[in-house]
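Assemble chain B onto chain A, guided by the hints.
Top to bottom, those sequences are chains A and B.
Residues 229 to 535 in our numbering are what the first sequence spells out, letter by letter.
Residues 229 to 535 in our numbering are what the second sequence spells out, letter by letter.
The hints are simulated quantities; they were obtained by calculation from the structure and are not laboratory data.
Do not take every clue at face value.
Which copy is meant is left open, so a pair is good if it fits within one copy or across any two.
[Said to hold, decoys possible] In silico SDA-like links for lysine to any residue, alpha-carbon gap of 25 Å or less: (1) K384 - T507; (2) K384 - E320; (3) K384 - P302; (4) K384 - P316.
Spelled out from the first residue to the last, the chains are:
There are 2 protein chains.
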Amino acid sequence: VSLLFHTAWENAEVWRAALRDALDGEAVEPLEGGGEADVAVVWNAPPRAFAAVPRLKLVCSLGAGVDHLLSLSPVLPGDIRFSRLVDPVMAERMALHVLAVVLRRHRNLDLFERQQRDRHWRRLFHDDAADTTVAVLGQGSLGRPVAAALAAAGFKVVGWARSPRTDLSWPVYSGMDGLHEAVAGAAFVVAVLPLTAETRSILSAPLFAMMRPGAYLVNVGRGEQMVARDLLDALDAGRLSGAALDAFESEPLPPESPLWSRREILITPHVASLSNPATGARAIAAEICRFRSEGILRNEVFCDRQY
Amino acid sequence: VSLLFHTAWENAEVWRAALRDALDGEAVEPLEGGGEADVAVVWNAPPRAFAAVPRLKLVCSLGAGVDHLLSLSPVLPGDIRFSRLVDPVMAERMALHVLAVVLRRHRNLDLFERQQRDRHWRRLFHDDAADTTVAVLGQGSLGRPVAAALAAAGFKVVGWARSPRTDLSWPVYSGMDGLHEAVAGAAFVVAVLPLTAETRSILSAPLFAMMRPGAYLVNVGRGEQMVARDLLDALDAGRLSGAALDAFESEPLPPESPLWSRREILITPHVASLSNPATGARAIAAEICRFRSEGILRNEVFCDRQY
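Extracted from the complex, chain A is given alone in its bound form:
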């Protein structure tokens, strides 16, 4: 057996070796070469690359996001199944990234850096975390750990999800009606959403109008969820005080993007939840083994619900 593989990531070779190790030495070949493989492990693979893989049965994502898999589904045979990467290490990484960018703003580190450039010493005060609400949009395998980490740090947390849920220790609002309630009192709105028809462009003027004046936006989901023009307008109007953005409609973010030069915006190059080759390859290998031996997927992606 062999496995096909595609990613443009800098650490592609590390992943390749980790997958080979996790699969007891199975050959890991480039997707572009085609072949008799039953499984492909990919990130942003071009649809045409699948043309010469007649026996393909499963496509695994190298990351938690799966919109890149869903965009393949119309051009692949209908019986091919899809799996996302679920790795507790990625959830921890995502949670600490969000904690890092929220605390940076909450504790004025961004403003102190500006003062430092001017050699200016001025104390700035801050609310206590217990008096600061953070709304976490998305309560999936990454959104829940994000909310839990913020709550553990002392913030008041509210969640928002597609469907109601009452099994968490923070309130979760649901549906488009619940969105206003979720964000209205929040100093921070953190989006950890899958990209679906409902969440595309959700971070735009209507949502910003529901947010508290001066609130801060964090997007660690997908760039297509945010309307950059609306964000810039909201910043100009003082509706939002700033944003920390990790995902963009076009990546790398083009040099001509007006987002780069806004000092209220922190741009990180899609690193909030880097997948870890060692633990990630083991999780993917376990999913492949379950699939090959029993036809079972634990982290299946469903095209109808879009995640």
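Chain B only, in chain A's frame:
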């Protein structure tokens, strides 16, 4: 009865009102005016201001640091007692400040900001928190919550204290012999120390030489604990990768200080553990009432051990 009060803080009037409220309307008068008061609540009061307060019995600190009280003791009558401010809100604030500056470096937010200025998109990788050791020097009423918050975020924590202690869920090294063991494997060394004869200038070349090459220093204690020249040399030599400094020998940090312009250094204007007038005044009022009614201090400062 009346209370004497001195601070140069911007929010002095807020504190004054909060103390009056917490003490059922007791008059809060400027220390400089002298008078028959038994208690003074101060931050950095000049010793000569106490000349006209003959009945003084207790001096309370407006913050957790008490070196400013100890420097008064040689010039005040020997029976005057001293009390520090212990407020759980301050401990939480300190813990979140340290978490904020550690996560900023750990998750490369400082480097991503530099890349952003150049419109440069490049992923940078990071160790997992579980593989990253943070050494917390000082295990007092602020050091312990700092260590607990870092441990809760997933970091490996080791502590260092003057005396051995085994009641904490992380290892604590003690004595000058234990210092090397505490810091040798740490990616971050966080100093939350009282200023004493032993800790004065402790953050200097000998300690930096014990640290792992490329380690990061956080000082939220006192400026007198750090030898700025040694820090700059250690940065130039690449021994340390950077530092987040909240306290300085002279505050405000003078505009001519070479620390301002080092991009590996983050300067915050002594805000890590801002005292909270509402909760702080209640804690101080409770201490004053205990002292007046029973002669008992819960948070007494002892001149012999210097904290």
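Results of checking the hints against the structure:
1. K384 - T507: Between copies only: 19 Å across chains, 32 Å inside a chain, cut-off 25 Å.
2. K384 - E320: both (19 Å within a copy, 14 Å between copies)
3. K384 - P302: neither (42 Å within a copy, 46 Å between copies)
4. K384 - P316: Classified as both: same-chain Cα gap 24 Å, cross-chain 17 Å, threshold 25 Å.
Checked against the numbered hints above, the structure violates only hint 3.
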